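Read off the chains here:
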Amino acid sequence: GEDVEQSLFLSVREGDSSVINCTYTDSSSTYLYWYKQEPGAGLQLLTYIFSNMDMKQDQRLTVLLNKKDKHLSLRIADTQTGDSAIYFCAESFGGYNKLIFGAGTRLAVHP
Amino acid sequence: ETGVTQTPRHLVMGMTNKKSLKCEQHLGHNAMYWYKQSAKKPLELMFVYSLEERVENNSVPSRFSPECPNSSHLFLHLHTLQPEDSALYLCASSQDMGGDYEQYFGPGTRLTVT
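The listed protein sequences correspond, in order, to chains A and B. Heads up: the first sequence is residues 1 to 111, going by the numbering used here. Heads up: the second sequence is residues 1001 to 1114, going by the numbering used here.
Each hint should be verified, as a subset may be incorrect.
To be verified - Here are some chain A residues the structure puts well away from chain B; computed CB gaps all over 12 Å:
#: 1; residue: Asp3
#: 2; residue: Gln6
#: 3; residue: Asn21
#: 4; residue: Ser27
#: 5; residue: Ala41
#: 6; residue: Leu43
#: 7; residue: Gln59
#: 8; residue: Thr62
#: 9; residue: Lys98
#: 10; residue: Ile100
#: 11; residue: Ala103
#: 12; residue: Ala108
What the hints assert, rightly or not - Examples of chain A residues toward chain B, derived with CB under 8 Å:
#: 13; residue: Phe9
#: 14; residue: Leu45
#: 15; residue: Ala85
#: 16; residue: Ile86
#: 17; residue: Phe88
#: 18; residue: Phe101
#: 19; residue: Gly102
Source of the hints: derived by calculation from the structure; they are not laboratory data. The structure displayed is predicted, hence computed values, not measured ones. We put the beta carbon where it would ideally sit given N, CA and C, even for glycine.
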């Protein structure tokens, strides 16, 4: 079955880069996503990558996809306190856009 | 209002109660989704509706009953719930189904079953 795994916690210093990693099992996934959830809020799509791409950059965010190893990462450059949140990796499964989520990585940014 | 709204934001109910969660999207989308986010499990898809027709029922117990009267509104009717059903219930919508359509999430309803 489909499965997405992430480490649960990451702590970084303000101004440093953060790297959040994710592994998935379904090789037929077409899209892979990174969502952000702040306290008391719903999920906000940060970025996504099509499965035939290796990398995608969007301002401070860089997504790397290693399809052979089924590994996805999100790099946040110059991490700020406002980046503190839970980050979810998700893969798209099936024709109706069923999303399989990881458990989420809690990012804590300290001064 | 804009985006995806959910009411109520918080709900406490007993195991014998009947209540409903409401979701409304103001984006003109055709697909709507219910997700369950509990403390100990990853976010789980419960139901998918496209053009008011249910296209996915992800092995959800019958004590959860969805309703989609039109493409802008989605309800989740709850009855005889169990304490393990306590969770954050998130609604989402997308322009259409398919992986290239972003899902926009509401803020969620925090449900506590006592």
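Here is how each hint holds up against the structure:
| no. | hint | in the structure |
| --- | --- | --- |
| 1 | Asp3 | violated, 9 Å |
| 2 | Gln6 | violated, 9 Å |
| 3 | Asn21 | holds, 16 Å |
| 4 | Ser27 | holds, 15 Å |
| 5 | Ala41 | violated, 6 Å |
| 6 | Leu43 | violated, 4 Å |
| 7 | Gln59 | holds, 17 Å |
| 8 | Thr62 | holds, 19 Å |
| 9 | Lys98 | violated, 6 Å |
| 10 | Ile100 | violated, 8 Å |
| 11 | Ala103 | violated, 5 Å |
| 12 | Ala108 | holds, 18 Å |
| 13 | Phe9 | violated, 15 Å |
| 14 | Leu45 | holds, 5 Å |
| 15 | Ala85 | violated, 13 Å |
| 16 | Ile86 | violated, 10 Å |
| 17 | Phe88 | holds, 7 Å |
| 18 | Phe101 | holds, 4 Å |
| 19 | Gly102 | holds, 6 Å |
Of the numbered hints given earlier, the model fails hints 1, 2, 5, 6, 9, 10, 11, 13, 15 and 16; all others are met.
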